[in-house]
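Using the sequences and the hints, build the whole thing.
Sequences listed follow chains A and B, in order. Under my numbering, the residue at position 90 of the first sequence is numbered 90, and the numbers go up by one with no gaps. Under my numbering, the residue at position 405 of the second sequence is numbered 405, and the numbers go up by one with no gaps.
Hints may contain errors.
What the hints assert, rightly or not - The calculated SDA-like cross-link candidates involving lysine to any residue, where the alpha carbons are at most 20 Å apart (straight line), are:
{"id": "1", "chain 1": "A", "residue 1": "64", "chain 2": "B", "residue 2": "308"}
{"id": "2", "chain 1": "A", "residue 1": "69", "chain 2": "B", "residue 2": "315"}
{"id": "3", "chain 1": "A", "residue 1": "69", "chain 2": "B", "residue 2": "307"}
{"id": "4", "chain 1": "A", "residue 1": "65", "chain 2": "B", "residue 2": "280"}
{"id": "5", "chain 1": "A", "residue 1": "54", "chain 2": "B", "residue 2": "315"}
{"id": "6", "chain 1": "B", "residue 1": "138", "chain 2": "A", "residue 2": "45"}
{"id": "7", "chain 1": "A", "residue 1": "69", "chain 2": "B", "residue 2": "177"}
{"id": "8", "chain 1": "B", "residue 1": "141", "chain 2": "A", "residue 2": "40"}
{"id": "9", "chain 1": "A", "residue 1": "57", "chain 2": "B", "residue 2": "138"}
{"id": "10", "chain 1": "B", "residue 1": "138", "chain 2": "A", "residue 2": "17"}
{"id": "11", "chain 1": "A", "residue 1": "57", "chain 2": "A", "residue 2": "17"}
{"id": "12", "chain 1": "B", "residue 1": "141", "chain 2": "A", "residue 2": "13"}
{"id": "13", "chain 1": "B", "residue 1": "131", "chain 2": "A", "residue 2": "17"}
Keep in mind that the hints were calculated from the coordinates and are not lab data. None of the values given here were measured: they were computed from a predicted structure.
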Amino acid sequence: MENGKTVLSIIVDNQPGVLSRIAGLFSGRGYNIESLCVAETDDPLVSRITLVTKGNKLIIEQIKKQLHKLINVITVHDLTETKYVERELALIKINAKPKDRAEILRMVDVFRSKVIDVGHEHFTIEITGDEEKLKAFINILKPMGIKEIARTGTIALARELQ
Amino acid sequence: MKLTGAQILMKALKEEGVETIFGYPGGAVIEIYDALSQTDIEHVLVRHEQGAVHAADGYARAKGQVGVCLVTSGPGATNTVTGIASAYMDSIPIVIITGQVPTSLIGNDAFQEVDIVGITRPCTKHNYLVKNIDDLAKTVKEAFYIASSGRPGPVLIDIPKDITTSKTIYKAPEKINLKSYNPTYNPNLKQLAKVVSLIKEAKKPVIFAGGGIILSKASEELRELAYYANIPVTTSLMGLGAFPGTHPLWLGMLGMHGTFRANMSIAECDLLLAIGVRFDDRVTGRTDAFASKAKIVHVDIDPTSIHKNINVHVPVVGDCKATLCQLNKMIKQQIPDKNFPDSKTWIDTIQEWKKTTPLAYDQKDIIKPQYVIEKLYEVTKGQAIITTEVGQNQMWAAQYYHYDSPNHFITSGGLGCMGFGLPAAIGAQKARPDKLVVDIAGDGSIQMNIQELATAVQHCLPVKIVILNNGYLGMVRQWQQLFYERRYSCTRMEFAPDFVKLAEAFGAVGFRTSKPEEVVSILQQGIAINKPVIMDFIVEKEENVYPMVPAGKALTEMLLV
Ligand SMILES: Cc1ncc(C[n+]2csc(CCOP(=O)(O)OP(=O)(O)O)c2C)c(N)n1
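Structural data, given as structure tokens:
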């Protein structure tokens, strides 16, 4: 898999400076971060970082080993090596002229997303899904005029073996 | 009983067996210095904080233990960065304690505040800002453990001033338990079995050993392997001394300024046992041509070293000593009676390379720098601890002094940091008062931390400085000569101090000569004096270090004269 997308699930000590160690490792060694999500887990002492990166096999191997070498990194899982589920959440503020409203609502319905704020001139839509789904949705909405988008980046978990 | 943070720090350092600290005081650490004065820990007062770190580095290498330095916040802390980076590149275990402004002021651009934890994140193995006095004792214990275990390295502890003055009860954990840090010491036996069968079949094996052997104290085991299986040995700059430099199986150092026979052996070998090395670009030359006919085995405790620069056939993650012990045992069981493939032709080929293309120079009326090193080797009977500055002096020290034991050659290998040698010599001398310690220097490098001569004099550390004075930043000049048509842009040191008078001004002793026939007697006189001594040898100005593999070329593409 040349330069494929890799999703890493990294468990770290929940301490100040840890994120900067990880970000510094990527910038210092010329690796690329496509997206990054960090939050506490059920154990308040540790956080989960979901990081999406790209690179050939050797680079990904180095990234994983280098991450592991950081003292505050507890585990590194390459989810792309197993089966996993991923989600991303996006908030999309879109121009909602009266003539477009019905079409937008239909799309919202088709994509099983939600309108969470309505104004005279706009809707704000909440959508979750994998990267593909979000991309498709955004493409469809584009012609109506997107005002702003906020995206969380990917979060992911490995599937449990049945 | 409650102790202040400063007292807790001292108690924690004592628990780690610290006997000596290299440092420089200031406002943020004044409480720590006060507590220090109440202990029997010795303090070496350097003249610049960079010197403190290099000295702790030299101490750590000469003693095989963690070196410690202590500096104040702000400029004291930033002055340590070069030293830390050098120790990091060479995997040297040191603990750096920096003062910090009080916690209430952190982030306010307070007087003498810098974010040293942020600055040193990429050049420490790990670092800490202690925000709670109850964490202090534990942090010190962790820092020493991290610095000295696995692949060693520098660890920095930043301690705010209010932490040093507030009080609590001393409480340190019995054992360090870091769930996120667990170096692999013992090798995978299946991998080792593969190594044994490769050794069994190899007709032209070579061992390439590095600093990892010295760090893990595995020289004995390395020698055992080489002698038993009759395998020639080369080392990186960091590995010098891991294998005796006088043994018939010794190939000399490899790489950019490696010996002809070492570089040829790498190109021709069918099995390369790389142990405790990281395949630096100064060693490999063009990587696709490196050991291209060989199966490569790579033993290293740091998994990130493996497959980083060179693709290897059999990776073994493990401590060099543990791995070699196990490997030797397996080899002796499985290949009895020295029943190895006949390596005579291979050894003969190597001997032939040595004969036709040895390290050589021509001593006439002007002193050759190589001659000085060769005579230093003879006069000291090869027993001195040698530190170096950086440049040609460093390479000649590697080529012409022969190291029979580990921890006797101390150099800034990875960072290549000029100004390293003198403070490192001071640290080494502190660690080994019984030893003769000599800094081999260039006239450029020695000026970078010459102020440390005062440290040596104050603390009665009789280090010797041998300056190979060529009036140039020689190594850069060499590149300009070879690759920039002799355009010596800014490498001529048009002015240098009178090093003899300079030595005297510092309360040391100075000698100078430009006559080849005086070299030996000056070395003898200088070494006999129980004080710091500078010996300034005016040498051939445009002598070059050969062989030389131009950057980016294959190891076999050596310039020989
Ligand atoms: C701190 C630092 N600055 C610059 C360099 C680049 N550099 C490498 S070798 C060298 C020349 C050193 O000259 P000198 O100390 O006189 O030694 P020589 O090569 O002449 O033996 C220089 C400038 C360096 N290695 N370190």
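Hint compliance check: list the failing hint numbers for this structure, sorted ascending.
Checked against the structure, the hints that fail are numbers 5, 8, 9 and 11, while the rest are satisfied.
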